[in-house]
Each structure stands twice: as structure tokens, then as C-alpha cells.
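J.: Taken in sequence, the protein lines are chains A and B. Plus 261 on top of the position in the first sequence (first one is 1) and you've got the numbering used here. Plus 859 on top of the position in the second sequence (first one is 1) and you've got the numbering used here.
Because the hints were derived from the structure by calculation, they are not lab data. There's no promise every hint is true.
Unchecked claim - Lysine-lysine pairs mimicking DSS-like chemistry, simulated, CA-CA at most 27 Å apart:
(1) A:K270 to A:K423
(2) B:K934 to B:K887
(3) B:K878 to A:K402
(4) A:K645 to A:K603
(5) B:K878 to A:K270
(6) A:K270 to B:K934
(7) A:K645 to A:K605
(8) A:K306 to B:K934
(9) B:K900 to A:K270
(10) B:K887 to B:K900
(11) A:K402 to A:K270
Predicted, not measured: the structure shown is a model, and the values here were computed from it.
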Amino acid sequence: MTEVSDIEKILSAARPKAIAALVRNFRDLDAAEDAFQEACLRALKTWPVNGPPRDAAAWLIFVGRNVALDTLRRTRKEETLPSEETISDTGDAEGRIVEQLDDAHYRDDILRLLFVCCDPVLPSNQQIALALRIVSGLSVKEIARAFLVSEAAMEQRITRAKRKVGVSQVPFESPGAVERSERLAAVATVIYLIFNEGYAASGGSAHIKAVLCEEAIRLARLLLRLFPGEPEIMGLTALLLLQHARQDARLDADGAIVVLESQDRSLWHSTLIAEGLALIDKAVRHRRPGPYQVQAAIAALHAQARRCEDTDWGQIDLLYGTLERMQPSPIVTLNRSVAVAKVKGPAAALAIIEPLAPQLSGYFYFFGVKGALLMQLRRIDEAKVAFDHAIARASTAAEADHIRTQIDRLISESKKAGATAMT
Amino acid sequence: MQYAILCYHSEDVVCSWSKEEDDAVMFKLMVAQEGFAKAGKLGPIARLMPTTAATTLRKDSDPPLVIDGPFAETKEQLLGFYIVDCGSLDEVLDFARELARANPGGAYEIRPVTFFQSGTASEAGAA
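Make a model of the complete structure from these sequences and hints.
T.: Structural data, given as C-alpha cells:
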């Protein structure tokens, strides 16, 4: 007797493979989802009694295809004159059932499915929603909660996205090497965005958001299993594992943000960190550095420091410099300034970020960093202004609270300073 | 006689356990091992990281080839092993059945050991 909760885990683990193969079969997202759904219902009926099959994905694909063919046959009987097209389509589909499913097939099927969800015609929030719905199989309700929108709005967003992506526009032949690596890069970006949505939290409670981080890690591991020799996919997976390892230390009991420096490092997940470090080790051997590997290396330096004061800020500064050259962006420079402040002092860091003001004027974190640097330089009034800007741009209550704590500290310190001056 | 119990399970499923679920399984396994541990029959135990962390050295070529990923692509993956000291295969099977109740799904392959050396590495080296 197998527990239903175990079966649900097996079904959700088999989902990307099964849906991907069914999409190849039906060339239609909705048809593939319906067939998968029907196959899952049958699995829930028979598996508790017979035990799950050894290859759950193959079982679901086979049953899903048969169910869909039955439906097709039934509808055909009702039609008076079947069009020739339908007949030849069915023949084709039956032929494909016999086709041996090997891992190479699965690999390109899953990559294609992910790639369809990452269609550049979609804005990134629709890409994420579509990937979570189709590939991960999260319910519309779960996705809606994570994005802080109503279920109806999310349903609409996903339907619209489905309509826009042309499954048929992505060729079904095995892609060439260049095309495959382009698809891989696009898919990696969406996995990264899913993680960020969960990690950086554009609103919403931490608990709901963790689902997104876990889902992104699952997808990254899946991608790495399909492409075991890609150093950037190793880097991406390592980066997500290392960031997620800090999950339990990032918010305190009241849900307030705990900055890296003040985190209780005993709460970091050592197994996730170890796995991340192992993947970086593997990636480095390839001597093909890329942005994910560099970011993972930065996260690894933080993860390896037992205490904050043990952090190798000099190395982190160098790595951010490398990242700036690979992928110039004001956000990367802003992040580097934190390391620069540690190595060369707050004045040097401030000099780096001041030119970024026009580009980052809407960014919470920019004003947070600026305020903290000004505070260190004892430029209290300017720090207050920066923190006020930060609060106005905070997207979660925790972010705003974090800045308010800093302001409170400023006020109490300036009072103390005032008291000292008077004596 | 010493036996190795090689633990195979779907890593997709195992990796999808939440920390709480994982902790609960590990605790149940510890309880299942207690009898053997007290009787001095329990040797080293190892849990392996997912196969994505694996590297394979193919030594059928010269120089050996380093390949990312596990040696064998299987439906269930080798995710850990036990070494136990038992009087008979039946005794190992009973022990394996107890482990299976604590952690259902997958399979245990039981292989008699012909050579065993406890080694010099310390536990502290593991993640």
C-alpha cells in the first residue's frame, strides 16, 4: 500500500518529463495538460493498490496518450465525415506511441517545454507564471498567492500567456548545438527569475515565497541532470542552493529582515551549502567562467565565513569586478560597493554609487546602501534623507521596518552625540 | 559476515522532501538502526548528495576521462549505503525491512563484502 502523499510526490516529480513528452505528442499545451491530468487520476486509483510503476513518467505518458486517443476515436465516431487530416494525424500519433523513449528525447522535450514558457514575446512575470503552472504544476491559487494577485487575475494572466506562446512555432526537431545553448540560457534566466521572485520578495510573506525558491531549485537540478556538463547550469544551481541555505536566518521571529552581517549563521543549512560548494568545484574544472558561476563564487565566500568578520571582502570585491566586466549593470556596481566599503572604507564606496543615482532612483536597496554609508561617514542628515527615500520605495513591510530600525538608530545615536557635545 | 546495503531511491522524490519531512525520515531511520548499533553490528553509514553533484572518472581510456554526472543513468539513484555485520542474509534482510518501514520507496541492494577497511578519514569531513 502506497500513501497518497507519496504518490503525489511521485506525480509531481514526473510531471516535467511527462508533460514535455505529451506536448511533443499533441503539439498543444492544453491537450497535454488534460491528458496528464487524466493519467494522474488513473494513477491515484491504481497505484495505491498495485504500487507505483518503476518509471512513473513513462507510465503517465503512455496512459495520457491512450486516454487522448480514446477521446479522439469517440469524437470521430460522432462525426459523419472525418477529415483526412484527422485520420493521418491519428495514425501519426499511434506510430509515436511505439517509439522508444530514450533520455536524449526527454532532454530536448523538457528543454523545449521550458523554452516555450520563456518565449520572449511574454513579459517576464508571464513567463514565470506559465513555467510554474505548466512545468512545475503549481496550482493557479498557489501562484496567485505568491504574486499577491487574485486567483482570477492569475488565471487570466496564464490563459493570456498560453494564447500568446506558439507551441507550434518552436521546431520539434532536435535543436543544433547553438540553438540548444540559446534555449538553455533563456531557460536559466527564467529559473533565476522564479528564484528571485521568491527570494527578494516583491511583497508577500516569506513562507509563501519559499515555495518559489524550492521550485526554482528543483528546476535547476532538473536542467543540470539533463545537461550535466554545463558549467553555467552548475553555477546557477550552486547559486540558488547557497542563497536558499540562508533562508531560515534572513527573517527574525517577527518577520523583520536580518541583514547578512547580523544573521545567526548556525541557522544556515549546511547540507545545501555543501552541495553548492561541490557544484562550484565541478564548474571551475571547465575553465569557462560565466555570470552564474561568479555570483555563486561570491555566495560561496559568504557561506564559508564562520563569522561575518571572517568574510574575504577583498576577494568579493574582485569577483564583483569580474561580474561587472561580464555583465555591466548598476545593480552589480551597487553590490560591489558593499565590498568596497569593507575593504577601502565608506567614502570610496559612496564615490562608486553616487554616479548610479539617475539609474537607480526607484530602487529601495540603492537608498538603503547609500543611507548606511552616509551613516558610517557621520553625515546624519543626508543619511536620513536617503533612508526616507528607501522607505518610500520599499515593497514589503519587512523592508520598510528594516529601514525604520536604522533611522531609529540614527536618531538615538545623534541624541547621544548631542549629549556628548554638550558635556 | 559483512554486508553492504546499497540504498536506491528516486532522487526527484527525495529532493522534494521539505526539511521537516527529511528530518522525520532521518529520525525514523536512526530509531530503526538502534538495535544493530547497540549490538555492535552497525558499520559506517553514508548518505550521498544528488547525482547532479557527481563526477565520473572513466578509466577505460588513457588518460582517464572525467565526465560530469553519475556513472549510470538509472530510474532510481544510489543515494547512500550501510555496512553491517550479520550472521546471515536473513538477518540483513530483517534489518533492511525495518529500514524500509522507516523510509519506503525505492530498493535496497544487499551485497556481501569481501574486503573491508575502516579507513582513516574522520566524520568531520562530511558536509
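J.: Are the hints correct? Go through all of them and say.
T.: Tested hints:
no., hint, verdict
1, A:K270 to A:K423, "holds, 26 Å"
2, B:K934 to B:K887, "holds, 25 Å"
3, B:K878 to A:K402, "holds, 23 Å"
4, A:K645 to A:K603, "holds, 22 Å"
5, B:K878 to A:K270, "holds, 15 Å"
6, A:K270 to B:K934, "holds, 15 Å"
7, A:K645 to A:K605, "holds, 23 Å"
8, A:K306 to B:K934, "holds, 23 Å"
9, B:K900 to A:K270, "violated, 34 Å"
10, B:K887 to B:K900, "holds, 18 Å"
11, A:K402 to A:K270, "holds, 19 Å"
The structure shown violates just one earlier hint, number 9.
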